[in-house]
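Heads up: the sequence lines are chains A and B, in that order.
The first sequence stops at residue 710 when you use this note's numbering, and every number in between is there.
The second sequence stops at residue 1420 when you use this note's numbering, and every number in between is there.
Simulated from the structure, these hints should not be mistaken for laboratory data.
Cβ coordinates follow ideal geometry from the N, Cα and C atoms, glycine included.
The reader is advised that the hints may include incorrect statements.
[To be verified] So the derived list for chain B, only partly shown, Cβ under 8 Å to chain A, looks like this:
| # | residue |
| --- | --- |
| 1 | ASP891 |
| 2 | GLU935 |
| 3 | SER963 |
| 4 | THR966 |
| 5 | ALA973 |
| 6 | VAL1034 |
| 7 | SER1042 |
| 8 | ILE1047 |
| 9 | LEU1156 |
| 10 | GLU1158 |
[To be verified] To be clear about the criterion: a stretch of chain A counts as covered by chain B if any three or more of its residues have a C-beta under 8 Å from a C-beta of chain B, and this derived list gives those stretches:
| # | segment |
| --- | --- |
| 11 | 418 to 426 |
| 12 | 442 to 449 |
Number of protein chains: 2
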Amino acid sequence: MSAATKNLSKNLDTIFYPQSLAVIGANNVAGTVPNDILVNILRDNYRGAVYPVSPREQSIAGVKAYKYAIDIEDPIDLGILVFQSSVCHLALEQMGQKGIKAAIIVTAGFREVGGKGLEREAQIKEIAAKHGISFIGPNCLGVINTDPICHLNASFARKMPEEGNIAFLSQSGALCTAVLDYAQAKHIGFSKFVSFGNKADITEIDLMRYLKDDPKTKVILLYLEEITDGPGLMAMAREIISEAGKPVLMIKSGRTAEGAQAAASHTGSLAGGDDVCDAALRQAGIIRCGNIEEMFNTAIALAYQPLPKGDRVAIVTNAGGPGVLATDAAVSEGLAIARFSEDTTKVLKKSLPNTANIKNPVDVIGDARADRYNIALSQALKDDNVDGVFVILTPQSMTDIENIAQEICMVAGQSEKPLYASFMGEADVAVGIDLLQRRSIPHYQLPESMCRSFAKAHYFKELFERNADPPVVPKGLNKAAALKVLDEASAAGNSHLPEAEALKVLSAYGLPVLDHAVAGSKQEAVELSRKIGFPLAMKIVSKEVIHKSDAGGVRVGISAEKEVGKAYDSILKNVKAKQPEAKVDGILIEKMAPDGEEVILGIKRDPSFGAVLMFGLGGIFVEVLKDVAFRVAPLGPDEIDRMIHEIRAYPLLAGARGRTPKDVSSLAEALARLSQLALDCPQIEELDINPLIVSDEGQGCHVADARIMI
Amino acid sequence: MSAATKNLSKNLDTIFYPQSLAVIGANNVAGTVPNDILVNILRDNYRGAVYPVSPREQSIAGVKAYKYAIDIEDPIDLGILVFQSSVCHLALEQMGQKGIKAAIIVTAGFREVGGKGLEREAQIKEIAAKHGISFIGPNCLGVINTDPICHLNASFARKMPEEGNIAFLSQSGALCTAVLDYAQAKHIGFSKFVSFGNKADITEIDLMRYLKDDPKTKVILLYLEEITDGPGLMAMAREIISEAGKPVLMIKSGRTAEGAQAAASHTGSLAGGDDVCDAALRQAGIIRCGNIEEMFNTAIALAYQPLPKGDRVAIVTNAGGPGVLATDAAVSEGLAIARFSEDTTKVLKKSLPNTANIKNPVDVIGDARADRYNIALSQALKDDNVDGVFVILTPQSMTDIENIAQEICMVAGQSEKPLYASFMGEADVAVGIDLLQRRSIPHYQLPESMCRSFAKAHYFKELFERNADPPVVPKGLNKAAALKVLDEASAAGNSHLPEAEALKVLSAYGLPVLDHAVAGSKQEAVELSRKIGFPLAMKIVSKEVIHKSDAGGVRVGISAEKEVGKAYDSILKNVKAKQPEAKVDGILIEKMAPDGEEVILGIKRDPSFGAVLMFGLGGIFVEVLKDVAFRVAPLGPDEIDRMIHEIRAYPLLAGARGRTPKDVSSLAEALARLSQLALDCPQIEELDINPLIVSDEGQGCHVADARIMI
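Looking at chain A on its own, in the form it has when it is part of the complex (with noise of 0.2 Å):
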């Protein structure tokens, strides 16, 4: 392992599978987090030795202790810190001098109380840095590790889940109690279970790159408060749906600013806008999910059975209410309700009674028992029309639920195509749903959420193979010319171009500005506009008067060379009644636009992501209608497409309702264009082209007016 590798990998490892452990801060009072933790590896049969350190007790749960962790006479590969937080750095101090280089810091009073807390926690960082440890906390649950070979519960947890190929990771401890429960009840395993708390070394995309790699991990699922390296973030993500092919879940909270700010009173955190956020995670891949239940919906349909193939399901009932029910949220969902091959007709007509209803969704009706589920299970999966099976059943009088549960599982494993379950009702039918869940079939109490989770991992599957051109770098770029401008405004202490300045930067990276210049007086105006040509605009221009229009310094559609004179005149008159004080640097002349639909496109930061680009249809659409679309800079030819096609006017540029389809090509070089200079010119806080006019095809669009913060 090269010295690089070995620094990504952060010891996780070592974490993950100790051959000896010390719990520091140990002791004997039963219902304490240090004795719980302590307790809790013992009792869950981890298969290394514990070596308990405690400055008071002779011996702990039956284990010898030890005063130091100096003491110990073994190595020791993981040290799990549960003293309280005034003395962690001595110990980890100690764990230092005995050559521990992985850790797991328990222990809560640091970054998250804030005050002294973030003076602790920076103690412990330097520390941990000064002996090369690596470590997963403060403030945190505990690590689990359900592999048979290493079986370690380091965690305060009331139970140490099954075995399975679900990872979880949540930046909250208590949210891991609920999640441990809810799991449980539902048979769900976990290959790794890591409740990682203030993050101050390891963090979720170090574990997510552990995991990458780990072959005991199919699914990764995420809880996070907040994002502190998006890109970081998205990245890995990438990294992980192609070349690992695992799906990665999350929950991000705070999606309010009302629960951005419950969140930040709770860990601290600073959060970006959510429909950032939200396009984010979507262009890397990541499937956000909007609770725990939606979270592990999904998890297991993508865990359990294999991906569909296509978006064509066949539903088998024993009852029609419900068949009807869930065809609606199969086709709210986006799926295709599958159409039978004649073979597949001819066989549930000849092997179903007169009553059934055997087109999809198939009804075996309310007497059935597990010989009809298994007829037209079998069947459905076999037809080459049908991509899934939804399987539903209602406890009715005659239904022998177990027996037919035994036949879906055995019917589920024949076949390579999905199959998912619904047992509606609850108690009467827990016996089914209890075998349906240890045999890794999928069930839901509810038809919408076995059609969502199917949807969503058709989604995956799309996402899997879609293209994704990586970010291409345009040609024509002048790097320098646009540093050059934004430089010398910042060192004129001014944080507005005005929109000369801001055409410069924009035409130095080649995005489609309009022939243009700046007057000095009149008689200039008028040769330039000579120069320029007609229709023309002409724009006051002045650092201090940011809303030109609301000034009066705004003529659009200036169509001969004699209304230059007079416009010059009127524009210097409006500004100065309504700004006296401000200082004219001239009046910008500037070609018209030729005819096109109006867009807005924009840059900002994101605190979280950084550089994110904006777009939407000019006038009411993205001002009164919000119909915008976000995403993270860089992104390639594929992402911008998407980006375009997402929102719900685009229609209107592809030439809804007898329109001419506008120049959409033209639209997406400007967009990479912008991306490039967002990444380039991170001094660049805000910018916006608003509009853009986009002329019909091949017409190319302009800058019609821009506008750019440092």
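Mind docking chain B on chain A? Use the hints.
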């Protein structure tokens, strides 16, 4: 009881509260429907007398059996018919002879199987009518009444539910079995539970009328696959809400075209458009639910706890993460996070540990026991700034789950504000959840469901209080004139009324048509143009030319007399070229409307709800963005107001982005007149005013084009 009232009641009191009943067609074969029903009635402690009727048996389940219903020596209130469908008519005839006036026909094999089943259904309806028998079914699971004075389980459900104040009515019998199982596990009780099957006699509306006055019922739930009498359903729901203050919750399946088709092959139901259904149910105050879980989540909130007086909630949690998730969910559902009074802040600061978060959401911290929950909950409920409280628990190692649940029930019982709970997890928290459910604290596995249910309860409270002025018949209607035009068109065999005729109809109903006349010659056109004034529009008048613009039959913006003749010729030439066979009746000369916002108004007929009004903004808004509002006619002023505000683009009418506000009150007036027209003239199949041009406030609106299909 008057005859009319008695007829309206359909003997439902006898169906729910019979003193004696006969199970007609019972047998001794355990596990069959005829046996299960009899056994259920006996086992579940029916307080009246049961008489089995069977041609073959001497006794069934230990009770003496009779060969025929007429053999029974005592009077019988209710007959439960379980014979096979082919002999039901004979049994029903005998029931009539015996003087039985109320029946539940459980037997399947009627309308739902088509063919001979349709005949059988017609036959039993006839016999029942002859003898004055009211009946539920056929093709149903039966009826349950948990009221201890009767305690009747006249169904073949596996179990009788607990007593409660929720009534459930279902078109699907199989769904009932799932619902009963689901509800039992959650200790959800029912007042009445009815599977009404094919509703050949007693409909859901009859049942709703009964439940309106049922003192045991507080909330009414409905599962429907088809709505036969939409206006009747709406009127009954309104009556229940306004007179009895009882909420009506409903699942209507067949939302999607595919689902509707599945429902059709299941029950033979014919569905209208789902967007219309959605609007109609909202208009009637019915709370539409997407699935069973959402329905019961809402029902327990409404049935167990007081309605919230406002939307300000306090959240009390023992874990920060779930507190953030709940805050997000509350805000997403439109609730407000309460700001505590100074008093509350003082008390929480004094009584909770330093590390607790005393702002809303209150975090009582992971080691909280019942006492801390008590303090936070009591104080939050006392606070005048709080309308309701959410309590969240995660099962941490110190959490005394059962004690906390006890404390919650106690505190909730002392307040008149609603309190809902979410104990996150499953197995560990089960003991607490069970306790909450038994003591009528609404419990939700997810904070999201908790917030949504609260939002619905708050919605119902506002619904109950909101203005609902009855529809007003507008003044100055000339129904006779409108009918004359329509009758003439009908007599002439025309299904499409050309614009000039459509304008006559609209004009008769006082809609703001523009000055217009039809010219038969070029000369007349010029004369008329002088009379009408400029600018004006000229449009072809021909029954065959439906798409006037496409045929080149429209010229707008004609601003002077000299253009009229030229336009006349060019229109005729265009139409002749495009549709040489079309008979031309003249050219419509119509004043141009003043400037304004284009909107579309329409009438259509829905198979379930009848006359439906449509409204949206013109151009792309309806066709591309699908931004449309629907309402069932008639509608009062408040409902018209809500309709206009419902579209996303409403801000454009109100004056967004510096526009001038438009004359919304004239638009409302136009909708009121259209509503009356739709009611008065049922022969209008479809009507479009596209566009109606709404001018600035005080300037009115004008019909610029119209089309009627009869």
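Quick check: which numbered hints come out false for this structure? none
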